[in-house]
Each structure stands twice: as C-alpha cells, then as structure tokens.
Amino acid sequence: MRDKLIQALKAHTADYADIRIEDLDTSWVSFRGPDLDSIGSSRTVGGIVRALYKGGWGYATFNDLDHLEKRVQEACKIAHLVGNQKTQLASIKPVVDLTKADMEKDFRLVPLTQKKALAEEYNNIVLKRHPKIQTSNTRYSDSFKTIYFASSEGTYIEGEVPNIYLFMVGIARQDDIVQQNFQTGGGFSGYQLVENLHAKAEKAADMAVELLSAPTVKGGKYTVVTDPMLTGVFTHEAFGHLSESDFIYENERMKELMQLGKRFGVDNLNILDDGSLPGQLGTHKYDAEGTPTRQNYLIQDGILVGRLHSRETAGKMGEQPTGNARAVNFHHPPIVRMTNTYLAAGTDTFEEMIKNIDLGVFALDTIGGETAMEMFTFSAAYGYMIRNGQVAELVRDVVLTGNVFETLMNIDCIGDQVYWVPNSPGGCGKGGQQPLRVGIGGPYIRIQNCTVGGQQ
Amino acid sequence: MIVEQIIQKATQKAQSAQVSLNTRETSEVSFENDYLKSAESSQRTNIQLTVILDGKVGVSTTTDPNDVNGLVSKALAVAQFGNPAHYTLPAEQPTASVKTYDPELLLLSKPEMIHIGQSMLDMIKSYNPEIVTSSGVAKTVQTNQFANSAGAAYADEHTDFSVGAFGQLTRGTDILFAMESAGHKHRQLDFEDIANQTIEYFRLAERSAVVQSGDMPVIFTPDGLNALLLSLSIALDGKHVLLGSSPLASKLDQSITDSRFNLVDNPLIDYAPQTSAFDDEGIPRKVTPLVENGVLRNFIYDLDTAGRAGAQPTGHGANRRFTNLIISPGDVALKDMIKGVRKGLLVHEYLGLGQGNPINGEFSVNLALGYKIENGEIVGRVKDVMLAGNAYQALNQITAISQEQQWRGGPYSLFSGLFPYIQVDKLSVVAK
Numbered sequence: 001m002r003d004k005l006i007q008a009l010k011a012h013t014a015d016y017a018d019i020r021i022e023d024l025d026t027s028w029v030s031f032r033g034p035d036l037d038s039i040g041s042s043r044t045v046g047g048i049v050r051a052l053y054k055g056g057w058g059y060a061t062f063n064d065l066d067h068l069e070k071r072v073q074e075a076c077k078i079a080h081l082v083g084n085q086k087t088q089l090a091s092i093k094p095v096v097d098l099t100k101a102d103m104e105k106d107f108r109l110v111p112l113t114q115k116k117a118l119a120e121e122y123n124n125i126v127l128k129r130h131p132k133i134q135t136s137n138t139r140y141s142d143s144f145k146t147i148y149f150a151s152s153e154g155t156y157i158e159g160e161v162p163n164i165y166l167f168m169v170g171i172a173r174q175d176d177i178v179q180q181n182f183q184t185g186g187g188f189s190g191y192q193l194v195e196n197l198h199a200k201a202e203k204a205a206d207m208a209v210e211l212l213s214a215p216t217v218k219g220g221k222y223t224v225v226t227d228p229m230l231t232g233v234f235t236h237e238a239f240g241h242l243s244e245s246d247f248i249y250e251n252e253r254m255k256e257l258m259q260l261g262k263r264f265g266v267d268n269l270n271i272l273d274d275g276s277l278p279g280q281l282g283t284h285k286y287d288a289e290g291t292p293t294r295q296n297y298l299i300q301d302g303i304l305v306g307r308l309h310s311r312e313t314a315g316k317m318g319e320q321p322t323g324n325a326r327a328v329n330f331h332h333p334p335i336v337r338m339t340n341t342y343l344a345a346g347t348d349t350f351e352e353m354i355k356n357i358d359l360g361v362f363a364l365d366t367i368g369g370e371t372a373m374e375m376f377t378f379s380a381a382y383g384y385m386i387r388n389g390q391v392a393e394l395v396r397d398v399v400l401t402g403n404v405f406e407t408l409m410n411i412d413c414i415g416d417q418v419y420w421v422p423n424s425p426g427g428c429g430k431g432g433q434q435p436l437r438v439g440i441g442g443p444y445i446r447i448q449n450c451t452v453g454g455q456q
Numbered sequence: 457m458i459v460e461q462i463i464q465k466a467t468q469k470a471q472s473a474q475v476s477l478n479t480r481e482t483s484e485v486s487f488e489n490d491y492l493k494s495a496e497s498s499q500r501t502n503i504q505l506t507v508i509l510d511g512k513v514g515v516s517t518t519t520d521p522n523d524v525n526g527l528v529s530k531a532l533a534v535a536q537f538g539n540p541a542h543y544t545l546p547a548e549q550p551t552a553s554v555k556t557y558d559p560e561l562l563l564l565s566k567p568e569m570i571h572i573g574q575s576m577l578d579m580i581k582s583y584n585p586e587i588v589t590s591s592g593v594a595k596t597v598q599t600n601q602f603a604n605s606a607g608a609a610y611a612d613e614h615t616d617f618s619v620g621a622f623g624q625l626t627r628g629t630d631i632l633f634a635m636e637s638a639g640h641k642h643r644q645l646d647f648e649d650i651a652n653q654t655i656e657y658f659r660l661a662e663r664s665a666v667v668q669s670g671d672m673p674v675i676f677t678p679d680g681l682n683a684l685l686l687s688l689s690i691a692l693d694g695k696h697v698l699l700g701s702s703p704l705a706s707k708l709d710q711s712i713t714d715s716r717f718n719l720v721d722n723p724l725i726d727y728a729p730q731t732s733a734f735d736d737e738g739i740p741r742k743v744t745p746l747v748e749n750g751v752l753r754n755f756i757y758d759l760d761t762a763g764r765a766g767a768q769p770t771g772h773g774a775n776r777r778f779t780n781l782i783i784s785p786g787d788v789a790l791k792d793m794i795k796g797v798r799k800g801l802l803v804h805e806y807l808g809l810g811q812g813n814p815i816n817g818e819f820s821v822n823l824a825l826g827y828k829i830e831n832g833e834i835v836g837r838v839k840d841v842m843l844a845g846n847a848y849q850a851l852n853q854i855t856a857i858s859q860e861q862q863w864r865g866g867p868y869s870l871f872s873g874l875f876p877y878i879q880v881d882k883l884s885v886v887a888k
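Chains as they are written, first to last, in the working numbering: chain A, 1 to 456; chain B, 457 to 888.
If we strip away everything but chain B, and leave its shape as in the complex, we get:
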C-alpha cells in the first residue's frame, strides 16, 4: 500500500508522519442552452503528507503517486522551518459504521445520465419554452486512505451522485435565473423533483412585485439561510475562537439565539452528501451539537488548533469543514407561516453574500431571487432590492420555524445539510 510506503519512508527521518490519499473518478454530462453540450471523464489523485520533525510540522502534497521520494523530501525540507507541533498523532480508534457507497450508482451509464439531463430540460421547456435551460448530471467514485505512524489506518469508498437544473428567462431587459440541485451518495434520486422545483421558482416569479424600503418580516428558504449560516460557520470555527476573532469566542454554554434554534453537525447519516467515518487527520467522525435550544455547545477543531486551544479535535479535517448541518424543524406549516405575513419577503438567493462583514455577523446583500408576500400570499418577484441585517440579531428574532425541511448538498449549494424555513421578525430592506 502506497500510504504505508510513504509513512515508512518519511519516518526514516521524521519522528512521526501521517498520509491521506484520495482518488476520484468522475463521469459527467452537461446540457447548456437547451442542448447536450459536453460530457467528461475525469481522474484525480491527491496525496497529502504531514511530518513532525524535531517537534516541527511540514506539509507536502502531490498528484503523482510515482513521486513518493519528492513528496517525502519536500515535507522534510519544509519541516525544518515548520510550526511547532501542538499535538501527537492519534492511535487507531473505533469508527462509526456508515453507508457511503452504492454499487448501483456505478452501473449508471453516460447515456442514462444524458436521459436524466434531457428529461429535466424537457420538463422545464414544457412549462415555458422561453426558458433557456441547462442541466448537469455527475457521478463520482472516491477512495480515501489514511494512515499515520501511531498505527491508525482507515480506508473507505464513496459514491457521489449530483444532479442540477438551471434556467434563464429573459424578457426585455428583465433577466431571471433559477436553479435547483441535489447531491448524495446513492443512486436513488428524484430528478423530476429537481425540475419541478426549478419550475416552481419561475412560476412564483411570473409576476413582479414592488416593495418599499423599510423594516419587514422575512422568511428564509433553506437556501436563503446561507446569509445566517455563513456568519455562524465562521464564528464556530475553532481557529477563530483560538485567535479571539470569533464573536462567539467567550459564549460557550450561553444563549446566542432564540431557544427554538437547534443546529447539529452530523457526518453519520447514511448516504448524506458529506457523510464519512473518519477525516483526513485520522479522527473518527461523530455528531457535534453546535447550538442546542439556543445555547452554544461546541466549536469545531482540527488536531493542531485543538492542541493549541486545549480542546479535542472534532473530526472536521485539517481545514475544519462542516459536514451535514442539521437545523431542527419547528411546529409551523410553511403555508401557515406565509399566511401569517401581511407584508414581507421570502428570500432565496443572493448576490454579494460574504461581501459585508460576515465575521461580525453583518450581511448586506442583493436579492438575486426573492419574493414579496402580501396578505399571506406570495404575489411576485422583487428586484433591485438590498436586504441588510446581523445574523445574530436575526437568530434572536426568530418568529417561526417550519415543519418542513429540505436537504441541500448539490453542486449549487453553499452548505450541505437539512434545513427548514425560518421566519425572522424584521430586517432592513432598501428598494430602488
């Protein structure tokens, strides 16, 4: 096994070493502008080596499995000037048994993928032939191997299936984009649902609506929650906590949101988009409660940051990435939530997210796709509207959480996970 070979080679000089190897093969078809435009086969290999030499860390990566010598010598060379290791490599630990591989997906052929793409395109065109439509279908087979000099060794295989549909409707100088996607690790996927959801975004935008500047209630769709999750995801990163740049740094076990808000990171859901049993540092994945009934419970840590902070690594990889984020459902049906709004917005997609000051919770975004709610009904699309607020204030002003949840995790999603619709008392809107 190549990972053992690398460990052996590296530890001839270094005191300890860990290797993570990822291979992936992807097959993909793309429809663009109403036509089958391209298909692709791709093969990728990536090997990452971390060595600890005289207490200092060096990292090197390569895409070339034949270049073991180069990889090892580079890691050793940089380790001479490396950062002090604040951790020791973990020994083998039990990992959860989760399903990440579906042999059925391997049987899916390119012609079948073309059929899925074409079917979604046909559905959208039959709703409105004026919509210029694109779609994509991709399947990936991944292998992950991990080993370290403390004796830990893990390996697993993943299949990933992702499907997306995308439409553009141009009327005069009015341009509307809408899209929907899904992704997970098994073959079963309702592509008609993706096409129907895309059509629904267009249907709701058939009429346009005018909104006046001012404060108003806002319902975030599961995608719309990105505006709040972006700030939270930065503040929950243990690195920002350690450095004191997280506004939540001193708030562990304190209330930070409305008490109905529950957020959990769960990498152990069978076939979910970001499910896996171990991370690229050899830490077993586990469920991490982040916010429980409004109370901040945990940050996420990699090995090094945990070592420096005196915390435990949480199994989110060297780059501290969230896996499947789950927000608990509430007790209100979406239709009742909408019914209860006299004048407000349903917000779905943004332009300019992340360009405010997300680390501080602030967002100021253009509504790429948002709708006006009037007297309990969605009355049309709003345009040229800026929405501004603070994620923490918004999470403290929750008025309702929907019973319905939606999985996100396709190619167009910023976060993977299961999210409800959330209504917030009021946010500031600037209209043209």
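Next up, chain A with everything else stripped away, as it sits in the complex:
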C-alpha cells in the first residue's frame, strides 16, 4: 500500500496533499427481547484525498480504490477552483511509522458463536431479572480497522484500530410509564473487555425498574454534585468544544472572547486534553494528519492557557499543532476534535462535598450532552436528591444546563481523584461526524446554582 499511495501522490499539483485509506471489518450480534434480532458482518473500504492550494481545500472521497492517481488529480483540480488566499499549515516533522494492534485477547480469533452466546447470556440476565422488565436490547459489535496515511511531505503511517462494543439496555414498564437504563462495555484492548460484565447487565435491569417509581426531578436551581462520568460529559460540553480552534481561528470576536490569559474558572480549576494517555478511548499515537498527540493544558489554575488545533488552525493562529485533527472515517476530512478531555483532581472528598448541602441533586451516569458554545446541556441517566447533607431519594429525567461564562466559576469543590470511565458509551458528534470515541472521566465535582430542567 505504501508504494501505491506514494506513487499516487506524485500526481498532485497542490501546495499540500495527503491520502487516507481505511479497510474496516465489522461484525455484530443483536438481541431484542428474547429473540436474536440481527447477526451479520460487513466490510468497508475506501479513502479520502485532501489537497490544499492557496488556502482552499479539495476533497475526493471514494470506496473504489482502483484509481488513486485520478482521485489525487481530482482533489487538486477542486482545490485550484477553491483556493484564492494563502496556504498556512503549521509544520510538523514527517514520520514513517507502522504500528500493529495490541490486544490482550484478539476478538478476531473468537468464533461468532461464542460472541452470540455471550450477548445472549447478558440479554437473559437483563430480561429475567425482574417481572417489570418489559424488554431488552443487547448488542455486541466489533470492528478492526487498518488505516494507511501518506502525505506529500513524506509522512507515511500505517496503523490498526481494533474496537469492541457492548451495549445493554433494560426497558421496564408499568402501565403507561416506560423507563430504560443502558450500560456499556468495550474499548480497544481486546475481547476480555466485554467478558464478566454480568453486574452491568443486572444494573441495566435494576435501574430501569427502580426508575419506574422514581419521581421526575423538580425543575429549578440546585447545588449539583456530579459523578466522574457526568463530570466528564460536563467538561466535554461545557468547555471542551469551546477550546476547539476551528470555532475561533477565523472569527475575530471569538478570538477576543477566548484570549489566552483570561480567567475562566476558580483558582483550582485545571482542564486538560491528552490524546497520548495510555489505554483511553480518545488515545492515538498520531492524529489524522500525522501530528503526534500530546498532553495539552487548556485551563490552568482557572486561566485559559491553551486550545486544540489542526495544522491549519495552528498555522493561521501562529500556534503549535496539538494532535487534535481527527476524522470519524474516510468519508470525512479531519477536523479539530477532543481526545481525552478531563478536569484534573482537586482536594475534596465526596463526603465533604455533600455534607453542607441542604437541598441538592447528586447526578450520575449520562445520556449525553450538547453545546452551542456558550450554553450547554448535560444529562444524567439518573440522580438522587441530596437532603440535609445526605443522599436521599432517586429521581429521573435529570437534564442540566449551564452557561460556560458562569458555570465554570460556580464549581466550588473538586474531588481528590480522577476516575476514567473504562467503557464510556457513544461518542462525540460534530460537523456530521459521529460517533467519534473520546475518553470520558474526571473527579466528583460540586457546582453551585446549576439549572435543572423539569416541571415545577
């Protein structure tokens, strides 16, 4: 493949060009209720050529790998049509690197019958756990992707990305009330990640049933304590996206707003993004442009000190590329994305956080989050009221909202340990590219005056 890509790139007529080819094998087993719902396997091959000419990008994406040289010419032709400014790409050192997947237990060697049996075992746990469980959904999937990347600057990277995912949903019903809870497992390091998740299957069922009788949280302003998973989602939505430079680099007002050195949070607030952390879901040796990943401080001691870059955003802002150009697959060019973004540990214990709260919400686990830069939402899968310093009754439909310019200042307790969620669900979406897997984690934190949606 290397020779083929290098040969094709010789046809380029732009300031810069690269090719990314992906070869992906996927298989899945899905149960819904007591029945096997779907079983299958698929193969996806394809690629993208990017060409940059006078600041304008031309992209050609394709499934058919037979005419790479023609795709390079096509991308260059398009770039010539678009480009009328100046090409500014931050420079990186060309590398040649070939890495193999490192799996403790290679899922490609596990027969499909065994994967089906495992999914069925978990599915039965969910289904038979409680008479109020109406139905279930248990889905196992794995994929193995080989990526080939070459640039006109001489970089050539070949890498393998294994991924395994287990998704278990318990759906409980009583009369017209339907409640669900989902639990996930998986990651990059092999089949062992989805073994022994029986307790999670039990939790998917138990929590769905418990939520049937839980009241909806009353809307209003509360002191909120979040668990590590929800802290992770909060960090991602409340601040992470705002640090992505493609929202900033060509927008003068946003540059003013996001000027380095500005205070964004309390003194002990530290937020980092680190694509080089071992074993996390957002970890890669290189990003999709061949820039090595690294640890990037975004907020240090409450002050904005950094942001996330692609080569283009770094080049245009005169800053260093950070290894954050990522693409969900070959249908898309890489854009600036988070990797493993987290709030660093503070000094407080959970007990200290809740002991002085008269009325608050302890929000756990997550359904998701969304941001419009300034305002954001993040949702707990469930929560408990905090009354007189004690964790009290279960509540449901806990959707929280905030405003970045206020909420980060309202964090007044930060837990003394960062917990990574080993198999966090789903992934991040941006610009039509999803789900991109990102690491989720953090400490317990306490947020004052946090708005919780709901009827009053």
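None of these hints come from the bench; they were simulated from the model. A hint or two may mislead.
With a Cα cut of at most 25 Å, we get these calculated BS3-like pairs of lysine-lysine [said to hold, decoys possible]:
hint	chain 1	residue 1	chain 2	residue 2
1	B	465	A	221
2	A	77	A	4
3	B	888	A	218
Please read all numbers here as calculations on a predicted model, not as lab measurements.
Go by the hints and put chain B onto chain A.
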C-alpha cells in the same frame, strides 16, 4: 447485473436471498467563516445482502462490488447462527410512479454551486457584516437496485439537491447561532429564501428578552416540533410496539392527541426529500396514515418485525425510517396565533433533545433558539431557559394549528416533511 449475480451465487446454498445496491456521487461546496473553504467530490457504493439459510437469516454488507464472493460467503456464514426468518420474500408488486430524478440538476456545475453559496453569504453579510457566515451546497446522484430470489426486481435513480446557510453572531459573551436549510430532488430551489429565513432568525434575536419561570403557552415552529415528533417517531416504530416498549402499543384506533392533529407518512410526493417508489426490502412505498383526527391509525413495520407481529410491512425499509411526514395545516394564520399570546414562547431549536426519556414522551431541553412573545408580539430572544413537558400531554393540549406549512428536509433537519406551527396551551419553563 451485479445484483442478479449475487442472488444467483447466494441461492446456490441459501433457499432465498435479497440484494440492495446503492451508489451515489456527490459534489459539494462549503463556505466557512465567510470564505470559500472547500469543495468535494465523493463516490460511494454499498451492497447489502440478506440470505435465508435453513430458515435462518444472515446479513452482510460491502462497499466493494468486486468482492461478491466475500459478501456471499460472509452472509452464509453468519446465517448458520442467524435469527429465524419470520417472513418469506415478497414477489414483484406494482410500484407507484413518482418523480425522483431531475436531469437539470446534473448540469449544475461547481462554479454555479459556489455562486449560490457566495450569494447567500453576501445577503447575510449585507444584513449584518458582524455575522460570521457559512454555507453549503450539495448535489447527489443516486441509483438504487433491488432484487430478490422471489422474482422481485426494482431500480430507480434519484437526484438530491441540498442547500444550507449558517451564521454565528458573537457580542461580548453572547453567542448566537442560526441556520436554515432546504433539500429536495429537483434543481429548482430558492436559495434567497434560505438566506432570508436565516436573516429573519437573527432579526428576531436583535433584542434579548427575559422570561420568568412558570407555565406558559408555547408555539412550536416547524423545526421546534422535533421535541414532539422525536417521541412519536419512537412510539410509532413497530419494533417498539412488538416489544411492548411503545407507550402507544395498545392504543391503535384510540384517540391519542387533540382531534385537529393529523399525521401522515407520504413517500409518494414528486421530488420531496424522502420520496421513493420502493424500499430496501423490495416493498412498494405507499401512503401511511399515522394519526387521523387524533386517532392512532398505524405503526410502521419492516418485513421481519411485521412477520413477528402478524402485521404487514409498510415499506419503510429494514431500519423502519419515516419518509416525508406531513402534518395537516390548521385554520389560524401564524400572525393571529402570535397575536393571541399574552405571555409565552416561540420555540425553534434545542440543545439536549433526546436526553430526557423520549420513549416515554418526556422532553427537557435548553432553548438554543427561542423567542419571547409578549402581548401578541415577538419581543426578543430568550436564553438559558429550559423547557420541559410530555409530548403526549402537549399533543392533547393543542390550542391552534397554523394555516402555514413549511417543508423541512435539508441537511440541518431531524425530520423530513411538511409541518405547520402548533400552539400548545402550556408547558413548564425554568429560567435562570
């Protein structure tokens, strides 16, 4: 033909087989942050094979038309452990004649697409040069082929045209996004209308307004209806009905909404965004009434789910996707609807939709773009406001439906279809 080849190969071992092949070529231009940033040509192929081997189903897909052998052997391999087939493959049936292809669109060149993108950008900038503007124009040519071993074979071609404009206005720490898009299958498209509509969202947000927490009347724009349609679309899915997880499962032919509410799925409207004559299981598309004068009429089913549920497949594909959803108009002019509100909200875009418990009808969302109505007038944008309610309760508390309808179906739309504005008596609002 490759689909016949695959069928032939697969049925050497399997008792029956069906193949769906989709190819698409897209040409696209994108303006970002006030500049022409990129253009793209893309080519995609996807082949899906389903086999039934000894009564069990196996599925395999590939993007490589040269890998027929691999595709067939994988489908056969998984079918050995597959789910029991609860259906037989349908024979050829007549399909409706609908228009999905406009040769005029093929003639549209990249420079012409750049012109459209630039014109929308210029219009928005001339309203307010401070708005950082993006726009996108894309055209796609698709071919679909379907064949099965029961003798059904269909093929058609589609052209798709989509245009969107997007602006960001930053004032101090106040950040506002607004966007508008359109999409359908013919060349004729009023891009000035898209730019003007985007400008209108900004114009209405020039002033900001403060709202107090409490219950108040809410007018949903056609986009704002997503909060209600999301729950309905899950509950109307035959799979959820079969599994008992749809709150509407036992309510067929019962009243579930206000009697003025009518919802139809119509895949047979010429050139509409999701129009087509057959689905990827070889089922002819047809009009499906979902809610008629408030009464629940139908769920949607794929072949397998229909087989299990003892229902008929409705032509919504193996993944049961709605096509063009049509909500009937009402008898009130939008301006009169707004005039009748003393204190309430006009809601358009959300943050966090789907993060409540949509299967149960509940939503709890931040208003990414919403406006306050006071004494019959839109007085400004509201921010940091959460809206909460239950879709079924809301649909039973409809106070008015507008005469006006808008097509949705562009790249920024969650649902495709034709929707009015709907006013609901009261919903719960939590303000900062």
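To see whether the hints hold, each was checked on the structure:
1. B:465 to A:221: Since the Cα atoms of residue 465 (chain B) and residue 221 (chain A) sit roughly 64 Å apart, the hinted pair is violated (cutoff 25 Å).
2. A:77 to A:4: Holds, at roughly 21 Å.
3. B:888 to A:218: holds (14 Å)
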